[in-house]
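Position chain C relative to chain B; hints supplied.
2 protein chains.
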Amino acid sequence: MRAVIPYKKENAKSRLSTVMTKEQRETFVEKMLLDVVATLRKGGILNIDIITPKACDVKKEVKANIIEDDTDLNDCLNKYLSQKEEPILIIMADLPLVKFIHIKDIVASKADVTIVPGKGGGTNILFIRKPENFRVKYYGSSFENHCMIAAQQKLSIRVYDSFLASTDIDEPQDITELLLHGQGIAKDYAEKRFGKKEGKGRVKISPFN
Amino acid sequence: MRAVIPYKKENAKSRLSTVMTKEQRETFVEKMLLDVVATLRKGGILNIDIITPKACDVKKEVKANIIEDDTDLNDCLNKYLSQKEEPILIIMADLPLVKFIHIKDIVASKADVTIVPGKGGGTNILFIRKPENFRVKYYGSSFENHCMIAAQQKLSIRVYDSFLASTDIDEPQDITELLLHGQGIAKDYAEKRFGKKEGKGRVKISPFN
Numbered sequence: 001m002r003a004v005i006p007y008k009k010e011n012a013k014s015r016l017s018t019v020m021t022k023e024q025r026e027t028f029v030e031k032m033l034l035d036v037v038a039t040l041r042k043g044g045i046l047n048i049d050i051i052t053p054k055a056c057d058v059k060k061e062v063k064a065n066i067i068e069d070d071t072d073l074n075d076c077l078n079k080y081l082s083q084k085e086e087p088i089l090i091i092m093a094d095l096p097l098v099k100f101i102h103i104k105d106i107v108a109s110k111a112d113v114t115i116v117p118g119k120g121g122g123t124n125i126l127f128i129r130k131p132e133n134f135r136v137k138y139y140g141s142s143f144e145n146h147c148m149i150a151a152q153q154k155l156s157i158r159v160y161d162s163f164l165a166s167t168d169i170d171e172p173q174d175i176t177e178l179l180l181h182g183q184g185i186a187k188d189y190a191e192k193r194f195g196k197k198e199g200k201g202r203v204k205i206s207p208f209n
Numbered sequence: 001m002r003a004v005i006p007y008k009k010e011n012a013k014s015r016l017s018t019v020m021t022k023e024q025r026e027t028f029v030e031k032m033l034l035d036v037v038a039t040l041r042k043g044g045i046l047n048i049d050i051i052t053p054k055a056c057d058v059k060k061e062v063k064a065n066i067i068e069d070d071t072d073l074n075d076c077l078n079k080y081l082s083q084k085e086e087p088i089l090i091i092m093a094d095l096p097l098v099k100f101i102h103i104k105d106i107v108a109s110k111a112d113v114t115i116v117p118g119k120g121g122g123t124n125i126l127f128i129r130k131p132e133n134f135r136v137k138y139y140g141s142s143f144e145n146h147c148m149i150a151a152q153q154k155l156s157i158r159v160y161d162s163f164l165a166s167t168d169i170d171e172p173q174d175i176t177e178l179l180l181h182g183q184g185i186a187k188d189y190a191e192k193r194f195g196k197k198e199g200k201g202r203v204k205i206s207p208f209n
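Sequence lines, in order, name chains B and C.
Under our numbering, the first residue of the first sequence is numbered 1, with each subsequent residue one higher.
Under our numbering, the first residue of the second sequence is numbered 1, with each subsequent residue one higher.
Next up, chain B with everything else stripped away, as it sits in the complex (with noise of 0.2 Å):
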């Protein structure tokens, strides 16, 4: 078994870049990797492979083997998997609520793909337990598409239903579940430039000045 994290570091994450600027964007991000690659080793994964357009954007600090890749997400996880054949868990790097157990509950499944939804038809982790022929289809309705190419395959899945492994940190008020639910270091990071605000309906990010 292993795990592959695609990761990019420049300029990442530009739908936060009301509330961070590219830099500290670029620090966020290196920091939940950091959780994400933490959270996989606790939960039992050791075999942990990044792929990344610029190796030399992954801090030598982060305990996996690094891939680098300039293409596409889908063609470059698609040739990954072509040449894998053992089951493979496909984590996004932007998932620090993650926990160890959500890991080990994901790679326990008995079906042949497990889903973990994103919010907005995203696809936060995939488990894929025959990877040569399976192809993922990144971006949009992914959560539809792995789905359909899970069924057109006559494979068995699993839609694995979790508030924390859904939520990817995309937008800004996605920092507020981050502040409310989170744990290690990226919500360290988080807390140190953003307040909660309270108002009518859901609770909001406050950035500090």
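Note that these hints are calculated values from the structure, not bench results.
Please note that the accuracy of each hint is not assured.
To be verified - Below, computed lysine to aspartate or glutamate pairings styled on DMTMM-like, alpha-carbon distance capped at 25 Å:
(1) C:Lys196 to B:Glu144
(2) B:Lys137 to C:Glu198
(3) C:Lys196 to B:Asp161
(4) C:Lys197 to B:Asp72
(5) C:Lys200 to B:Asp57
(6) C:Lys99 to B:Asp105
(7) B:Lys204 to C:Glu171
(8) C:Lys8 to B:Glu198
(9) B:Lys42 to C:Asp161
(10) C:Lys197 to B:Glu171
(11) C:Lys200 to B:Glu26
(12) C:Lys104 to B:Asp105
(13) B:Lys200 to C:Asp69
(14) B:Lys196 to C:Glu144
(15) B:Lys196 to C:Glu171
(16) C:Lys200 to B:Asp72
(17) C:Lys204 to B:Asp72
(18) B:Lys187 to C:Asp161
(19) B:Lys192 to C:Glu144
(20) B:Lys200 to C:Asp57
(21) C:Lys110 to B:Asp161
(22) C:Lys54 to C:Glu26
(23) C:Lys99 to B:Asp112
(24) C:Lys200 to B:Asp69
(25) B:Lys204 to C:Asp72
(26) C:Lys200 to B:Asp70
Treat the numbers as computed from the prediction; the structure is a model and nothing was measured.
Same frame as chain B, now just chain C:
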């Protein structure tokens, strides 16, 4: 064991007013309420109370006891809890993604208090084993409030981790989740009014004209 659903129909869901008229929002909350009641019954809870400021706003087809109370949400729920000597499940009416299996899981909790957080710091479901002395504090960061109240009373807490149960339908992007992951009559209603629009980032709803 009883369940209680706070419900307000009149001019409900004002944060959906950019995508639904007042009449549509009122019909929509009615459908969501019917979904929640059906889910509770399927989950084995047959004693269901609905607290509402206007009894005539609850359709006759809703199989539940109606309690008319036009005081503030916290006041009426705290009055309700103080009179109860059996475990109480407080569930919001805007949770059409909750499934009966969640209800079964939650009421099987051994903890004194089980909390399902809502998006942005809310509380979607509260299961309280001994309600006489528990007090609720909704609005704002109610998830934190309820954790604190339970801790002050030295009650054990279980935070229930479910994407479906944590997704309350309050803002337009929540309807995307209903379209993608829902079932039931509120989903059918939404599906007649909205399509899904893919683009950069998360899928959004796109109203039909």
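Holds or violated: Lys204 of chain C to Asp72 of chain B, with C-alpha atoms at most 25 Å apart
Holds: Lys204 of chain C and Asp72 of chain B sit about 23 Å apart, inside 25 Å.
Is it true that the CA of Lys200 of chain C sits at most 25 Å from the CA of Asp69 of chain B?
This hinted pair holds, its Cα atoms lying about 22 Å apart.
Could you grab the alpha-carbon distance between Lys197 of chain C and Asp72 of chain B and see if it respects the 25 Å cut-off?
With a Cα-Cα distance of about 22 Å, the restraint between Lys197 of chain C and Asp72 of chain B holds, given a limit of 25 Å.
Given the hinted pair Lys99 of chain C and Asp112 of chain B, is their alpha-carbon gap at most 25 Å?
24 Å, holds
Pair hint outcome, Lys8 of chain C versus Glu198 of chain B [Cα-Cα no greater than 25 Å]:
22 Å, holds
For a C-alpha distance cap of 25 Å, please report whether Lys137 of chain B and Glu198 of chain C respect it.
Given that 25 Å is the threshold and the Cα spacing comes to 13 Å, the pair holds.
Are the Cα positions of Lys200 of chain B and Asp69 of chain C separated by 25 Å at most?
22 Å, holds
So if I understand the rule, the pair passes when the alpha-carbon distance is 25 Å or less; does Lys110 of chain C with Asp161 of chain B pass?
Holds. Lys110 of chain C to Asp161 of chain B sits at ~21 Å (cutoff 25 Å).
Just to be careful, I want the Cα atoms of Lys196 of chain C and Asp161 of chain B compared with a cutoff of 25 Å; is the pair within it?
22 Å, holds
Just to be careful, I want the Cα atoms of Lys200 of chain C and Glu26 of chain B compared with a cutoff of 25 Å; is the pair within it?
20 Å, holds
For Lys200 of chain C and Asp72 of chain B, compute the direct alpha-carbon distance and say whether it is at most 25 Å.
Holds. Lys200 of chain C to Asp72 of chain B sits at ~14 Å (cutoff 25 Å).
Next pair to validate is Lys42 of chain B with Asp161 of chain C; report whether the Cα-Cα distance is within 25 Å.
The given pair, whose Cα atoms are some 19 Å apart, holds under the 25 Å limit.
Every hint from the earlier list agrees with this structure, and none is contradicted.
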